[in-house]
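**Student:** Listed below, chain by chain, are the residues.
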Amino acid sequence: MQTPRADPPAAPAVGILDPAATLLPSASFHPGTSPPTPSVIGNLHLPLGTGLPPFSFLLLADRLAELYEMVFPDQPEWLRAETVQWQNEEDVAAAVERFLQRVGTLFPVHDEIWDVDLEVVEWRLYEIPVIPMGIDEWYDGWDELKEPLPYLLHAQYSRGSEDSPDEFTTLYPAHSLPRYLEPHRLLETVRGMDLPEPLTALPDLILMLNHATDNAWIDVGEMALAEGGGYPQWRPDEVAWLAAEWQKAQPILERIDRLLDWQNDTPAAIDDKLTTVRDTLLAAYYHSQETAVSP
Amino acid sequence: MTNQVDNLPPRIFKYADKTFPDPGPEYSVEQLLAHLRTFFPELGHAKTEERELPDGTREITFSKQVTRKGALPAPVADPAAIDTLVTALTAVPEYDNPLNPVYAALVQEIPLTLHTLRQHTQLLHDHADQLHDQTFAVNKVILSCKRLAPTPLLHLPLGF
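Same order as they appear, the protein sequences are chains X and R. Counting from 1, one number per residue, gives the positions in the first sequence under the numbering used here. Counting from 1, one number per residue, gives the positions in the second sequence under the numbering used here.
Source of the hints: derived by calculation from the structure; they are not laboratory data. Since the structure is predicted, the reported quantities are computational estimates derived from the model, not experimental observations. Positions of the beta carbon are idealized from the N, C-alpha and C atoms, including for glycine. Careful: at least some of the hints might be erroneous.
[Unchecked claim] Derived Cβ-Cβ restraints for the label pairs, each shown as a range: (1) X/75 with R/141: 40 to 50 Å; (2) X/112 with R/82: 49 to 59 Å; (3) R/136 with X/115: 26 to 36 Å; (4) X/75 with R/108: 47 to 57 Å; (5) X/91 with R/142: 26 to 36 Å; (6) X/123 with R/108: 26 to 36 Å; (7) X/80 with R/126: 16 to 26 Å; (8) R/95 with X/91: 47 to 57 Å; (9) X/257 with R/108: 48 to 58 Å; (10) X/80 with R/150: 50 to 60 Å.
[What the hints assert, rightly or not] What the simulated footprint calls covered on chain X by chain R, stretch by stretch (three residues with Cβ under 8 Å from a Cβ of chain R suffice, anywhere in the stretch; the number is not a length): (11) 55-62; (12) 68-76; (13) 82-92.
Pulled out of the complex, with its shape left as it was, chain X reads as follows:
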């Protein structure tokens, strides 16, 4: 191998007059001795030989520790047990997942990180990845929902006008309803009826469809939240509020689930369920009509 001379002679050849050679950036001349470029400074300050993680990981670890203190002030042992020997992004994601699983005992959150990218992981430390339970009526496939959800959705959105075909009646010929029956206007009447379990959840289900339960966990759908981008921030008051609201939402959602799971095994059972729901709505409708005309 030839040792480069300190004063290499100029090679008088074609190309020596190419000014571009002099004007080229010099960074690649000595790649081994180039100073770090700015994009590297923040991310890859690897403290070689110390066993410590890169600086960008340390900042995330500090944020994670801050969240532990905020959300779980009574569990300092979790902070002591969580070592920061992170050498790659998978290690960082695993630590954040452990935190989110613990948060999941307070309210529903996405605790799995599929895209192990530092920015994605970091986002979870600044916005709470909640899983709202509301209906996304414009995203969900209605046919995939359990009855009477599709029945009520079609009753609300598929009626058409007097001059256009009534899609609802076409879909549910055996369980038709008057064109102007609007389930959400019958809530009080349905509540006042002596309904058997699990039909008592019918008013809750109607409110849920109308995003009107006054509980964010039930009123907001996951797709709507993702599209709106209004994820809650990690703040003590926000965390406390979400936990309290989830406590209120749980019994309502359990009631609704019981109704959705009820008589759901066979087409005949589903038919019977729809008949019961229709009869309830009709009874409430006629009762409200009578009340409206009576002096």
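Start from chain X and add chain R according to the hints.
**Tutor:** Then chain R, alone, in the frame of chain X:
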């Protein structure tokens, strides 16, 4: 349509026994001479002679200026912007990693836990700010350098 540059006669450049082709009409004779000085510093005060060959080509010959011993040096031009930059960069102190104090503190805490890290939060963030400022300053220098008009160098800067 041809422009004025296209109509210029071809050129050929000579220095001593070497001949160099024309790099393009967009470069002036002075620019080419300046570029050649990078490789032939003795052309610092070169004489330029020009003649037209029978085929219409302009032959430009550079030759060393012979100076008399004891003669006054030629007037020195004002330092170019690049020289100023090189001087300034040479004066920059050796790079000092702003994170060294962070790691010096944390290495005492190995195995590091979230709990111990939390006790160094202020240190961590203070130095993160310094790092951010440094990165910002470096980016600013890079952007400023990128905006410099390309200028052939009189000399290769030391160390290149």
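**Student:** All hints, please: hold or fail.
**Tutor:** Hints, verified against the model:
1. X/75 with R/141: 40 to 50 Å: Taking Cβ atoms as reference, residue 75 of chain X and residue 141 of chain R lie about 47 Å apart, which means the hint holds.
2. X/112 with R/82: 49 to 59 Å: With Cβ atoms ~55 Å apart, the hint holds.
3. R/136 with X/115: 26 to 36 Å: 29 Å, holds
4. X/75 with R/108: 47 to 57 Å: 26 Å, violated
5. X/91 with R/142: 26 to 36 Å: Between residue 91 of chain X and residue 142 of chain R, where Cβ atoms are some 32 Å apart, the hint holds.
6. X/123 with R/108: 26 to 36 Å: 32 Å, holds
7. X/80 with R/126: 16 to 26 Å: 24 Å, holds
8. R/95 with X/91: 47 to 57 Å: 29 Å, violated
9. X/257 with R/108: 48 to 58 Å: 53 Å, holds
10. X/80 with R/150: 50 to 60 Å: The hinted range 50 to 60 Å holds for residue 80 of chain X and residue 150 of chain R, with Cβ atoms some 59 Å apart.
11. 55-62: holds (count 5)
12. 68-76: With 3 residues in contact (Cβ-Cβ under 8 Å with chain R), the coverage given for the region 68-76 of chain X holds.
13. 82-92: Our answer is that it holds, as 4 residues pass the Cβ test (under 8 Å) against chain R, meeting three.
Comparing the model with each numbered hint stated earlier shows that hints 4, 8 do not hold.
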